[in-house]
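Which chain is which? The protein sequence lines are E and H, in order. Mapping to my numbering: the first sequence position 197 is 197, numbers consecutive. Mapping to my numbering: the second sequence position 25 is 25, numbers consecutive.
Any given hint might turn out to be false.
All copies of an identical chain are treated as equivalent in the list; a pair is satisfied when it fits inside any one copy or across any two copies.
Unchecked claim - Below, computed lysine to any residue pairings styled on SDA-like, alpha-carbon distance capped at 20 Å:
| id | residue 1 | residue 2 |
| --- | --- | --- |
| 1 | 65 | 269 |
| 2 | 225 | 378 |
| 3 | 225 | 313 |
| 4 | 65 | 308 |
| 5 | 225 | 329 |
| 6 | 225 | 332 |
| 7 | 235 | 368 |
| 8 | 225 | 367 |
| 9 | 2 | 17 |
| 10 | 225 | 328 |
| 11 | 238 | 314 |
| 12 | 238 | 248 |
| 13 | 225 | 280 |
| 14 | 235 | 379 |
| 15 | 65 | 38 |
| 16 | 225 | 396 |
Hints are computed from structural coordinates only; laboratory data are not their basis.
2 protein chains.
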Amino acid sequence: MKLHNELTATEALSEMDAGTLTAERLLRACFDRIDAREDVVGAFIHLDRDSALEMARRIDQSGRKGPMGGIPFAVKDIIDTHDMPTAYGSRIYAGHQPAADASCVALTRAAGGILVGKAVSTEFANFFPGKTANPIDPARTPGGSSSGSAAAVADCMVPLSLGTQTTQSTIRPAAFCGIYAYLPSQGDFRCSGVREAAGSFDRLGPMARSIEDLMLFRDVLLRIKPRPAGPVEDKAPKIGFCRTTLWDQMEPCMRAVMEEAVARLERAGAQITDITLPASFDGFSEAHRKVSSFEFVRNFAHEITHHWDEISEALRNGRIRHGLETDFEEYRAARRYLAQSRALIPEIFADVDVLITASAMGEAPLGLHATGSAAIGEIFTPLYLPCVSIPCGVGPNGMPLGLQVLAAADDDARLLAVSRWVDRHLN
Amino acid sequence: MKLHNELTATEALSEMDAGTLTAERLLRACFDRIDAREDVVGAFIHLDRDSALEMARRIDQSGRKGPMGGIPFAVKDIIDTHDMPTAYGSRIYAGHQPAADASCVALTRAAGGILVGKAVSTEFANFFPGKTANPIDPARTPGGSSSGSAAAVADCMVPLSLGTQTTQSTIRPAAFCGIYAYLPSQGDFRCSGVREAAGSFDRLGPMARSIEDLMLFRDVLLRIKPRPAGPVEDKAPKIGFCRTTLWDQMEPCMRAVMEEAVARLERAGAQITDITLPASFDGFSEAHRKVSSFEFVRNFAHEITHHWDEISEALRNGRIRHGLETDFEEYRAARRYLAQSRALIPEIFADVDVLITASAMGEAPLGLHATGSAAIGEIFTPLYLPCVSIPCGVGPNGMPLGLQVLAAADDDARLLAVSRWVDRHLN
């Protein structure tokens with residue numbers, strides 16, 4: 001029997017509908033968990049218990065309102081909130097109070113979601129980490145940059161959270177912490193009120209402990225009427241297994257888990273095809289770095305001018321230096337190359353419903369000084385494809401591993417349906 | 001002999017280089033003009049004379065620093081500034097003080113630009129107008145949504161300003177006020193810190209009184225080393241003359257001025273080809289409205305939830321109602337249709353260097369209750385092409401008219417070079 005804070009959002013909504021759970025009890029269970037664990041996990045930069053409780057009571061009194069009525073959620077601290085400070089993971093903005101909720105926060109609240117706090121982000125959603133530890137093994141990174149968002153959901157502090165991804169900032173922490181995450185087709189979710197890192201790649205990524213919850217969250221963020229997920233489809237999908245050029249660099253456990261997962265899905269009826277990405281994609285990593293660094297440096301012109309000393313050395317000598325060294329023609333050539341590459345995507349999906357590939361290079365590494373390799377993101381993020389990360393096995397250190405399912409652009413509905421099928425046969 | 005405030009930025013920089021002008025004298029001339037005319041024009045929602053003067057003196061004392069050192073500029077009030085309030089054209093945010101400069105402001109200031117104030121925007125860069133009048137005839141609209149940005153430059157209050165465009169919000173006011181404006185290839189300028197209306201279309205648009213100034217401003221916003229514009233090319237371009245399906249609805253003066261301009265350019269050596277956009281583009285207007293309205297409603301979820309009564313009826317019954325009525329599948333189909341249409345662009349430019357078309361339907365209409373038709377923007381903005389608006393003749397009421405020059409995506413350098421050639425032969 002699950003504790004209330006361990007329920008998924010969908011389960012909690014059912015219980016609330018059935019009258020066996022109130023928003024206040026659910027929220028108190030979440031805060032009990034936070035009280036018990038936050039010292040170790042460090043998922044939050046800010047919590048607001050009182051106003052969350054007031055909101056929960058109001059929902060209980062008025063009857064549940066909205067498709068997410070009474071569901072606690074957290075958002076990455078690069079996302080503006082009108083009633084909680086937003087520091088963008090930087091000491092420059094400690095205590096900064098925005099005037100409005102970001103679009104995604106306002107939409108989730110309008111659907112009845114209860115914001116409990118701001119989850120730790122790395123500095124400006126880049127690589128310099130915050131305080132968060134991996135809840136499975138606090139000696140290890142939760143991944144980044146959506147560190148707190150992943151840890152809070154994984155540790156059952158909240159059922160839902162929002163992260164963002166510019167390289168591998170949602171999928172990687174979800175995999176490292178053993179939870180589910182979703183990125184929509186590029187452009188589907190509005191990022192207004194979310195601090196831009198590199199607009200060409202930035203995406204909001206919901207995190208949860210089930211795919212049904214991701215589907216619900218998606219509908220809320222699109223402001224469309226959520227439909228019940230219904231039963232998992234019986235029909236086995238056609239799956240392209242994409243090892244990528246990084247295969248040999250992955251940890252052996254990651255390769256083993258992927259091979260085993262593919263074998264299991266095949267036994268369950270999936271038609272598996274090995275997919276090799278076009279050789280012309282080999283420059284993605286460099287192109288992604290050029291585009292993201294060029295844009296990052298322009299986006300942070302204010303901080304570079306006024307707050308240079310308060311920016312971490314890691315960021316100054318990394319992304320910023322690289323962005324200053326990238327000239328406009330290189331940037332534009334990289335952007336054009338990626339756009340032209342995306343034109344080849346329909347071919348990749350000609351004979352398969354989805355691709356599957358690893359969500360990260362292996363287990364969450366030891367230490368909180370870094371957030372692990374984002375290399376896989378440099379390949380897939382520029383493709384603008386919708387994707388889901390699914391927990392898949394454990395490594396030799398007992399840490400969760402994850403696989404990604406990706407579908408063609410605008411094929412989010414199929415992606416989510418197939419992901420549920422994959423999840424049922426793996427977990 | 002021009003007054004100092006009448007100089008273009010490029011001219012003023014030459015004079016400052018030659019030692020015949022100081023930043024302080026230039027700025028004082030601009031403020032003298034503002035003092036004399038602001039009551040009539042109403043270009044600004046906020047001015048900051050003291051800190052601008054302090055900055056000018058500092059630049060004079062230290063020697064001119066940066067490629068725009070000592071040049072006064074204004075920005076549309078949907079653009080964040082760390083030291084001036086930013087109201088997004090809405091009474092909801094009267095007096096609101098952002099924590100940081102938007103990327104574009106920080107980049108311009110880092111280049112030595114002196115921000116003198118925030119220029120009036122329509123409400124959230126939509127259609128409900130602010131107080132600004134057309135400086136040529138204060139009984140007429142300056143156009144919108146970048147109303148104050150256009151009026152301030154046209155009235156020689158500042159040499160440079162920044163507007164934004166989601167439909168026709170930069171090109172139209174530039175034409176109505178008789179100045180030059182430029183929109184880059186979609187995605188070139190970072191919009192971080194600029195309040196998003198509809199991210200699929202939003203672009204920053206510099207405004208000025210010469211094309212050389214637009215080129216300088218572009219380099220500053222891209223954070224690349226500005227190069228001197230050099231002489232206007234002698235070689236006559238190949239020009240596609242695009243009347244559009246709106247031709248018969250344009251005011252007769254607009255059609256006459258366009259025909260005359262084309263005849264004059266042809267006499268100057270340009271090779272003119274009539275270009276008809278593909279019939280498949282006929283749905284652009286509807287598609288633009290669906291995409292922009294869908295995105296607008298999600299972006300303004302916070303204001304819709306918390307400040308409904310403070311939103312104008314025009315916006316509630318216009319863009320917002322339309323956005324609420326547009327469902328996600330319609331939105332996505334419209335977005336896909338526009339993307340597929342953009343794939344036809346190379347064909348359009350197969351035999352021409354640029355397109356020219358009207359910047360607006362005619363003269364700035366009488367009255368300050370509306371900002372004029374944006375219909376032309378619904379055709380060209382979704383194409384993501386770089387473009388320049390050039391003053392071109394006057395109508396029967398003595399109001400300026402404008403024509404647009406458009407080039408293929410990423411062909412901004414050619415666009416600007418050809419625009420200078422066109423300008424030399426028209427003005």
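Each hint tested on the structure:
1. 65 x 269: This pair counts as neither: shortest intra-copy Cα distance 41 Å, inter-copy 68 Å.
2. 225 x 378: neither (34 Å within a copy, 29 Å between copies)
3. 225 x 313: neither (46 Å within a copy, 26 Å between copies)
4. 65 x 308: So residue 65 and residue 308 pass the 20 Å test across copies only (19 Å; inside, 46 Å).
5. 225 x 329: between (44 Å within a copy, 12 Å between copies)
6. 225 x 332: between (39 Å within a copy, 16 Å between copies)
7. 235 x 368: neither (43 Å within a copy, 61 Å between copies)
8. 225 x 367: neither (43 Å within a copy, 41 Å between copies)
9. 2 x 17: Answer is within: at 17 Å inside a copy they meet the 20 Å cutoff, but 74 Å across does not.
10. 225 x 328: So residue 225 and residue 328 pass the 20 Å test across copies only (10 Å; inside, 43 Å).
11. 238 x 314: neither (43 Å within a copy, 50 Å between copies)
12. 238 x 248: Close neither inside one copy (25 Å) nor across copies (53 Å); limit 20 Å.
13. 225 x 280: neither (41 Å within a copy, 32 Å between copies)
14. 235 x 379: For residue 235 and residue 379, neither the intra-copy (29 Å) nor the inter-copy (44 Å) Cα distance is at most 20 Å.
15. 65 x 38: So residue 65 and residue 38 fail the 20 Å test inside a copy (30 Å) and across (49 Å) alike.
16. 225 x 396: Answer is neither; intra-copy 43 Å and inter-copy 52 Å both fail.
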